[in-house]
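Listed below are the residues making up each chain.
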Amino acid sequence: MVLLAHEVSPADQEILSNGGLWAYIYVGAKHMVTGYDHVLFLAGVVFYLKGFRDIVRFITVFTIGHSITLIGATYLGIKVNEHIIDAIIALSVLYKGFENLGGFEKKLKIKSPNLLMMVFIFGLIHGLGLSTRLQSFEVGTTQFLSKIISFNIGVELGQILALIPIVFIISKWQTKKSYDSFYKAANSYLIIAGIGLFIYQIYGYVNAH
Amino acid sequence: MKKIAIVLIVFILCSSHDMYLKMETYFLSPDTDATIQLYNGTFNKSENVIDRDRMQDASLVGNGVRTQVENAQWSEKDSITLLHFRTKDVGTWVAGVSTAPNNIELTAEDFNNYLEHDGVLDMLDQRRKNEQLDTDAVEKYAKHVKAIFQVGDEKTNDWQTKLGYPLEFIPLSNPYDLNTGDTLKVKLLRNGEPLADQLVYTDYKGTKNEHTHEQHVNNTASHDHEHTNGDTTEHTHSNNTDQPKKETHSHGNSEEHTHDHDAEEIEAHAHTSGDQLRTDSDGILNINLEADGIYYLRTIHLVNSQEEGLTHESNWATLTFEVTHGHGEDTHVHTHDEEGGIPSYVYWIGSFVLLGGLFFWFNRKK
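Chains Z and C, in that order, give the protein sequences. If you count the first sequence from 1, position 169 lands on 878 in this note's numbering, and the numbers rise without skipping. If you count the second sequence from 1, position 272 lands on 448 in this note's numbering, and the numbers rise without skipping.
Just so you know, the hints here were simulated from the structure itself, not pulled from any lab data. Careful: at least some of the hints might be erroneous.
[What the hints assert, rightly or not] In silico EDC-like pairs for lysine to aspartate or glutamate, Cα to Cα no more than 16 Å straight-line:
(1) C:Lys221 <-> Z:Glu847
(2) C:Lys381 <-> Z:Glu847
(3) C:Lys253 <-> Z:Asp889
(4) C:Lys253 <-> C:Asp265
(5) C:Lys338 <-> C:Glu369
(6) C:Lys221 <-> C:Glu246
(7) C:Lys541 <-> Z:Asp889
(8) C:Lys264 <-> C:Asp209
If we strip away everything but chain Z, and leave its shape as in the complex, we get:
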């Protein structure tokens, strides 16, 4: 497996070619769990939140956002450049780390945008990235919508699987004295990772053209 290459993995194509709708659920879940950019963004969102109800609210908005573009764009055959969309997703990771560290207030001297709205917008962008990924597979024409929806269900299951350890670690650490250092370290890491992933994708874009 390679870092965010977002390649058509022959192994995944093999699974999709030989399996039914379950294969789409599996590949969707796998992509979400192993797609670092999506997981890092979710981690950034969860860091900011307080309480289970808050988490459910924000994750639901993110889910609605990415489901709209994942299903819509795939169904309509709308494709974007994979490197560009992944570069923008990388910026969403950077954004969340920056916001969590109070960057808007401290550095830009402005109030940070409404988080619920931003999570929805980034959800749409992440969905477009997921759609691009799905469209890079040979999906065929039969049960087309069912396959897209199955992939989307897999993404949601993968999202839940990824969130469980993240929420567990953050909630457990919140009671510790060192949480403040952990919070700063993790969000600084999100900024660095966001920049790194952005450069990686732009490099990929330039070298692919």
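Guided by the hints, dock chain C onto chain Z, whose structure is given.
Relative to chain Z, chain C alone:
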């Protein structure tokens, strides 16, 4: 009216299907399940499946052993016929399918259009010279397709296996010993003998992360229709090309011209994308492997027939294989899962080290 005319022309042109054995990747691991797709249409789109009883031969060759594909190994998905198999030992493998001959009757106009748009230009010239352009045709045709793929690292000599098809491409060196930038010599055999002066079309579909970027990858839709007995002619065609509306290209007689989008719609239905080559007196072609990608060769050998009830006989052959960058003798063949990115473990280790370092730094600052 113009659009209707174009649709009609495209409809008329639609009378043949190329056949290819295609793989998502031609680099496989030993002892894994794999699938080869049998496309009947163009390289980019399969239009219909192939019945097993049409196949005269379906073989896999590896480590010197030729194995017949069993009926149970085939399945169908949408318009694609799928061959499922388990890779066994390491080596360079060959897959082949040969179909039984079929006959097709074509009006003179349809036949001429098919010759032009499938690039059977020698026969078209012959008909022009002999003033036979208004003669209807009854053609017997059969298709013979091959794919060469690599299992594991070790190369074997199976790539040069002659499957004994009426028309067959045989590389003169192992494609998996070559890299992007190299030239591959391929011999074309007709009934086992070199076929000289035969038109062959070669093209490639670039793989991601290809290292040479003379973007000549032609992912255009091509014309798709069935060259069958005429009962089940299909006329689906698509055009998912990003090509500009005007384009300069050659039509084989070294004439170059530009044409507008309407003309291009028709042109997009030709099977002659890529390079047009001709075999030399020994039946050999030189193929420049100019970029990473899946290469495909196609040719139609069409001759006049003396057989009763026929005017022509054709044999169609294709060959596919994959070429990647920078595999020297010292390097290994790698699967695409390993290619083109930072390994996950490097990312995870780096991330934990960075996160840990940041944590201790912020903790000390307190």
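The hints, checked one at a time:
The straight-line distance between the Cα atoms of lysine 221 of chain C and glutamate 847 of chain Z is roughly 11 Å, inside the 16 Å bound, and the hint therefore holds. At most 16 Å may separate the alpha-carbon atoms for a hinted pair to count; lysine 381 of chain C and glutamate 847 of chain Z meet this at roughly 15 Å. As the CA atoms of lysine 253 of chain C and aspartate 889 of chain Z are separated by approximately 55 Å, the hinted pair breaks the 16 Å bound. Restraint check for lysine 253 of chain C and aspartate 265 of chain C: the C-alpha separation of about 28 Å exceeds 16 Å, so the hint is violated.
Under the criterion of a C-alpha separation no larger than 16 Å, the hint pairing lysine 338 of chain C with glutamate 369 of chain C is consistent with the structure, at around 11 Å. For the hint linking lysine 221 of chain C to glutamate 246 of chain C, the alpha-carbon distance of about 25 Å lies beyond 16 Å, and the restraint is violated. Restraint check for lysine 541 of chain C and aspartate 889 of chain Z: the C-alpha separation of about 11 Å stays at or below 16 Å, so the hint holds. Note on lysine 264 of chain C and aspartate 209 of chain C: the hinted pairing holds, with a Cα-Cα distance of about 9 Å set against a maximum of 16 Å.
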